[in-house]
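Enquirer: So the protein lines, in turn, are chains A and B.
Take the first sequence: its position 56, counting from 1, is numbered 56 in my numbering, and each next residue is one higher.
Take the second sequence: its position 120, counting from 1, is numbered 120 in my numbering, and each next residue is one higher.
Note that these hints are calculated values from the structure, not bench results.
Be careful, since some hints might not be right.
Derived lysine to any residue pairs resembling SDA-like cross-links, with alpha carbons at most 25 Å apart [as the list claims (entries may be wrong)]:
1. B/K74 - A/Y157
2. A/K235 - B/A68
3. B/K126 - A/P161
4. A/K59 - B/E73
5. A/K235 - B/Y130
6. B/K74 - A/E151
7. A/K180 - A/T212
8. A/K235 - B/H132
9. A/K180 - A/Y155
10. A/K234 - A/L44
11. A/K59 - A/R141
12. B/K126 - B/R169
13. B/K113 - A/N156
14. A/K234 - B/D165
15. B/K126 - B/D165
16. B/K74 - B/L54
17. A/K59 - B/A68
18. B/K74 - A/Y155
19. B/K74 - A/G139
20. A/K235 - B/L54
21. A/K235 - B/G127
22. B/K113 - A/L142
23. B/K113 - A/Y157
24. B/K113 - A/T150
25. A/K59 - B/G162
26. B/K113 - A/K59
27. B/K303 - B/A353
28. A/K101 - A/F82
29. B/K126 - A/V236
30. A/K59 - B/T70
Here are some chain B residues pointing at chain A (derived, C-beta under 10 Å) [to be verified]:
31. P71
32. P76
33. I77
34. T79
35. A85
36. R101
37. M102
38. A106
39. A125
40. G127
Remember, predicted model here, so these are calculated numbers, not experimental data.
Glycine residues also receive a C-beta, built at the ideal position from the N, C-alpha and C atoms.
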Amino acid sequence: MNYNWHWKVLLEMEPGGTGTYLHYLLVGLLWTLATALAAWVIALAIGAAVGTLRTTPLKWAVRLGNLYVEIFRNIPLIVQMFLWFFVMPELVPQGLGDWIKQMPPPWGSYVPAVLCLGIFTSVRVAEQVRAGIQSLPRGQRLAGIAMGLTEAQTYNYVILPQSFRIILPPLTSEFMNIIKNSSVALTIGLLELTGRARAMQEFSFRVFEAFTAATVIYLLTNLAVVLLMRAVEKKVRVPGLIAAAATPQAGH
Amino acid sequence: MALLEIRNVTRRFGPLTAVDDVSLAVEAGEFFTLLGPSGCGKTTLLRMIAGFDLPDAGEILLEGADMADTPPEKRPIHTVFQSYALFPHMTVAQNIAFPLRMAGNAPEQISAKVRDALALVHLEAKGQQYPHELSGGQKQRVALARSLVSRPRVLLLDEPLGALDAKLREEMQIELIDMQREVGITFVFVTHSQNEALALSSRIAVMNAGRVEQLDEPSRLYGFPRNRFVADFIGKINLFNGEIVAVDGERVRLRVAGLGEIEARGAAGLRPGTPATLALRPEQVRLAAIGAALDLPNRHPGKVRDFLYIGDVTTYVIDLQNGQRMQALLPNSSPGRAKFFEVGDAVTAAWPAEAGVVLTE
Numbered sequence: 001m002n003y004n005w006h007w008k009v010l011l012e013m014e015p016g017g018t019g020t021y022l023h024y025l026l027v028g029l030l031w032t033l034a035t036a037l038a039a040w041v042i043a044l045a046i047g048a049a050v051g052t053l054r055t056t057p058l059k060w061a062v063r064l065g066n067l068y069v070e071i072f073r074n075i076p077l078i079v080q081m082f083l084w085f086f087v088m089p090e091l092v093p094q095g096l097g098d099w100i101k102q103m104p105p106p107w108g109s110y111v112p113a114v115l116c117l118g119i120f121t122s123v124r125v126a127e128q129v130r131a132g133i134q135s136l137p138r139g140q141r142l143a144g145i146a147m148g149l150t151e152a153q154t155y156n157y158v159i160l161p162q163s164f165r166i167i168l169p170p171l172t173s174e175f176m177n178i179i180k181n182s183s184v185a186l187t188i189g190l191l192e193l194t195g196r197a198r199a200m201q202e203f204s205f206r207v208f209e210a211f212t213a214a215t216v217i218y219l220l221t222n223l224a225v226v227l228l229m230r231a232v233e234k235k236v237r238v239p240g241l242i243a244a245a246a247t248p249q250a251g252h
Numbered sequence: 001m002a003l004l005e006i007r008n009v010t011r012r013f014g015p016l017t018a019v020d021d022v023s024l025a026v027e028a029g030e031f032f033t034l035l036g037p038s039g040c041g042k043t044t045l046l047r048m049i050a051g052f053d054l055p056d057a058g059e060i061l062l063e064g065a066d067m068a069d070t071p072p073e074k075r076p077i078h079t080v081f082q083s084y085a086l087f088p089h090m091t092v093a094q095n096i097a098f099p100l101r102m103a104g105n106a107p108e109q110i111s112a113k114v115r116d117a118l119a120l121v122h123l124e125a126k127g128q129q130y131p132h133e134l135s136g137g138q139k140q141r142v143a144l145a146r147s148l149v150s151r152p153r154v155l156l157l158d159e160p161l162g163a164l165d166a167k168l169r170e171e172m173q174i175e176l177i178d179m180q181r182e183v184g185i186t187f188v189f190v191t192h193s194q195n196e197a198l199a200l201s202s203r204i205a206v207m208n209a210g211r212v213e214q215l216d217e218p219s220r221l222y223g224f225p226r227n228r229f230v231a232d233f234i235g236k237i238n239l240f241n242g243e244i245v246a247v248d249g250e251r252v253r254l255r256v257a258g259l260g261e262i263e264a265r266g267a268a269g270l271r272p273g274t275p276a277t278l279a280l281r282p283e284q285v286r287l288a289a290i291g292a293a294l295d296l297p298n299r300h301p302g303k304v305r306d307f308l309y310i311g312d313v314t315t316y317v318i319d320l321q322n323g324q325r326m327q328a329l330l331p332n333s334s335p336g337r338a339k340f341f342e343v344g345d346a347v348t349a350a351w352p353a354e355a356g357v358v359l360t361e
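Using the sequences provided together with the hints, build the complete structure.
Expert: Structure below.
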C-alpha cells in the first residue's frame with residue numbers, strides 16, 4: 001500500500017477549536033462509554049426481569065416475555081435506532097414528543113440511543129438469564145420452597161445468585177457488544193467515538209489515521225473490559241458450580 | 001388424632017392412576033416408610049404431602065386441618081431430596097442457617113441453632129466449607145441438618161440414601177434412626193429398598209400400582225404378609241401354589257401338584273376347595289441328609305442345585321421332586337465352615353406346620 005502516513009494529525013487542532021484531534025476522539029470515547037454504561041443499566045434491569053419472568057409458572061408473564069424478546073430480537077439495530085429517534089416522539093403524547101424533539105444536542109441523540117441500545121441488549125440478556133436459570137438442577141427451587149421460602153425469596157437467594165455466576169462470561173460479551181453497537185448511534189447524530197472518527201476524516205481528509213486511531217481505542221477499551229470482568233468472575237466464582245449444574249450428584 | 005392423615009387420595013396423570021384411593025395415618029414421632037417398586041406411586045404421594053402436587057380427589061390433613069389450600073412453603077413439612085439440593089454458593093453453615101435467616105430469626109439464635117444442627121450430624125468442623133468440598137455422605141448430612149434446623153412437624157425423605165454406596169448407606173441408616181429419636185420429628189421415608197425399610201421404620205406401607213397393599217410393623221410385614229405381592233416383595237420367600245383340601249381348626253392341608261399335601265397353620269376365611277399359596281421363608285426350612293430322622297410334618301426330598309455362601313449364612317437352592325425350586329437358609333455358626341451339603345447331594349427339606357403363611361390373595 002502506497003500511503004503517506006501522517007500521524008501528527010492527531011496532535012493538530014480540530015476545526016471546532018476544543019483541542020487536538022486526539023482529544024476530540026477521546027471525548028468521543030467518553031460519549032461511547034456514557035452511552036454503553038447507561039444502556040447496560042437498562043439492559044441488565046429489564047433483561048434480568050424478563051428472563052426471570054419467563055421461567056416462572058405464570059403463563060401470561062411467560063407469553064408477554066416471549067413477545068417482548070421476539071419483537072426486539074428480530075428488528076435490525078439500525079432500524080430500531082431510527083424508530084426511537086424519528087418515530088417514538090410522534091407516538092407519545094404531543095407535549096412529551098415536542099419536549100423530546102427540542103432537547104438540545106447531544107441529549108436529543110443520546111437519550112434515544114441509550115433507550116434503543118438498552119432495550120435491544122435487554123432481550124439478549126433476558127435469553128442468557130433464562131438459560132442460566134434453566135441450567136440449574138430442579139431440586140434447588142424445590143429445596144427452597146420445601147424449607148418455607150416464598151417463590152420470590154427462592155429466586156432472590158437461591159436461583160439468581162447461582163444463575164448470574166453461571167452467565168457472567170456471556171454477559172461480559174454482551175457488555176462488549178453494547179460498546180461496539182453504540183457506534184450505530186452516529187446514524188442519529190451522536191458524536192461518539194466512531195462519529196468523531198468520521199468527522200475527523202471529513203475535516204482532515206486523513207481517513208486511515210482517523211479510523212486506525214479509533215480502532216486502537218476500541219481495542220484497548222474492550223481489553224480493559226475483559227480484564228476487569230475476568231477479575232470479577234474470579235472473585236465471585238463458586239468452585240464446581242458450573243460442573244455441579246451439569247451433574248447434580250457428585251461422587252463421594 | 002393422627003399427625004398426618006391421607007384420606008382417599010387419588011392422583012391421575014392422563015390414563016395412568018399413579019395414586020389410587022390411598023388412605024393412611026401417620027402418628028406423631030413415627031418413622032413411617034412408603035415402600036414399593038419404581039412407579040408404585042410412593043414419590044407422587046410424597047410430593048402431594050409436601051404440596052408440590054395436588055390430589056385429584058381426597059384430602060391430606062395435618063393435625064386435622066386440610067392442607068389443600070396451603071402452598072408448599074407454608075406447610076410445616078420439609079423435604080430431603082436424593083440429590084441433596086445443597087446451595088453451592090453458600091458454606092455448610094450458611095446452608096443450614098438459611099431457612100432460619102429467611103424466617104427472620106435473631107442472629108445469635110441462628111448461630112446457636114446451626115451449632116446444634118452441625119453437632120447433630122457430626123459435622124462440627126465443616127461449617128466453613130463449601131458443599132463441593134464434602135463427600136456424598138457429608139452432603140446428605142448437611143441436607144438433613146438444613147431440613148431439621150427449623151423443626152418441621154414432618155420431614156419427608158425421598159430416597160435420601162439412594163446416591164450413597166452400600167457401606168455408607170448402612171452407616172447413614174443407623175445415624176438416621178439415632179437422629180430421628182433425638183429430634184423426635186415425624187419422618188416419612190420413601191424407598192424401594194426393602195432392607196432399608198425393614199431396618200429403619202416403625203411402620204411400613206407397602207405400595208404397588210398406586211395402592212397400599214399392606215400397612216404394618218416391619219416384623220409383621222415380614223412374618224405375616226397379607227398377599228403374594230407383599231410376601232414376594234419383602235425379603236426372600238418360597239411360594240407353593242396349591243388347593244386347600246382340609247381345614248381343621250388351627251391346621252389346614254394344602255395339596256400341591258407333584259409334592260402331595262402340606263400341613264400349614266390355618267387362618268380365618270380359608271375354605272376347602274379354594275386355591276391358596278403357602279409362603280415360606282428360607283430360614284424356616286431345615287435341611288437334612290436323606291434318611292436322617294426329622295420330627296416335622298412337612299418333609300420333601302430334593303437335590304442341592306446350588307448354594308450361595310454369604311458369610312454368616314449360606315443359602316441353598318433345592319430342586320424338589322415336582323421340579324419346583326426352593327431356597328433354604330442355614331446359619332454358619334462354626335467359623336470356617338462354608339457348607340453342610342455339596343451340589344448334587346440328596347437332601348430332605350422340612351418345616352414345621354406352623355411355619356409360613358397361607359395366602360389366598
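Enquirer: Under the criterion that the straight-line Cα-Cα distance not exceed 25 Å, is the pair A/K235, B/H132 satisfied?
Expert: holds, 17 Å
Enquirer: Hey, does the B/T79 contact hint survive, CB to chain A under 10 Å?
Expert: With a closest approach of 4 Å, the B/T79 hint holds.
Enquirer: Given the hint that A/K234 pairs with B/D165, test it: the Cα-Cα distance must not exceed 25 Å.
Expert: With a Cα-Cα distance of about 34 Å, the restraint between A/K234 and B/D165 is violated, given a limit of 25 Å.
Enquirer: Hint check: B/K126 vs B/R169, CA-CA at most 25 Å. Holds or violated?
Expert: Between B/K126 and B/R169 the Cα gap is close to 20 Å, so the pair holds against 25 Å.
Enquirer: Return the status of the interface hint for B/P76: holds when the least beta-carbon distance to chain A is below 10 Å, violated otherwise.
Expert: Since the shortest Cβ distance to chain A is 8 Å, the answer is holds.
Enquirer: Is A/K235 close enough to B/Y130, meaning Cα to Cα at most 25 Å?
Expert: Measuring from Cα to Cα gives roughly 15 Å; hence the hint holds.
Enquirer: Is the straight-line distance between the alpha-carbon of B/K126 and that of A/P161 25 Å or less?
Expert: At roughly 23 Å apart (the allowed maximum being 25 Å), A/P161 and B/K126 satisfy the hint.
Enquirer: So if I understand the rule, the pair passes when the alpha-carbon distance is 25 Å or less; does A/K235 with B/G127 pass?
Expert: OK: A/K235 and B/G127 at ~21 Å, within 25 Å.
Enquirer: Assess, step by step, whether the Cα of B/K126 is no farther than 25 Å from the Cα of B/D165, and give holds or violated.
Expert: holds, 21 Å
Enquirer: Verify the interface restraint on B/M102: the C-beta must sit less than 10 Å from at least one C-beta of chain A.
Expert: Holds, because the Cβ-Cβ distance from B/M102 to chain A comes to roughly 5 Å (cut-off 10 Å).
Enquirer: Does A/K59 pair with B/T70 here, judged by a C-alpha cut-off of 25 Å?
Expert: Roughly 21 Å between the alpha carbons, so the hint for A/K59 and B/T70 holds.
Enquirer: Double-check B/A85 for me: the hint is only fine if its C-beta lies closer than 10 Å to a C-beta in chain A.
Expert: holds, 4 Å
Going through the hint list in order, the structure does not satisfy hints 2, 9, 14, 20, 25, 26, 38, 39, 40.
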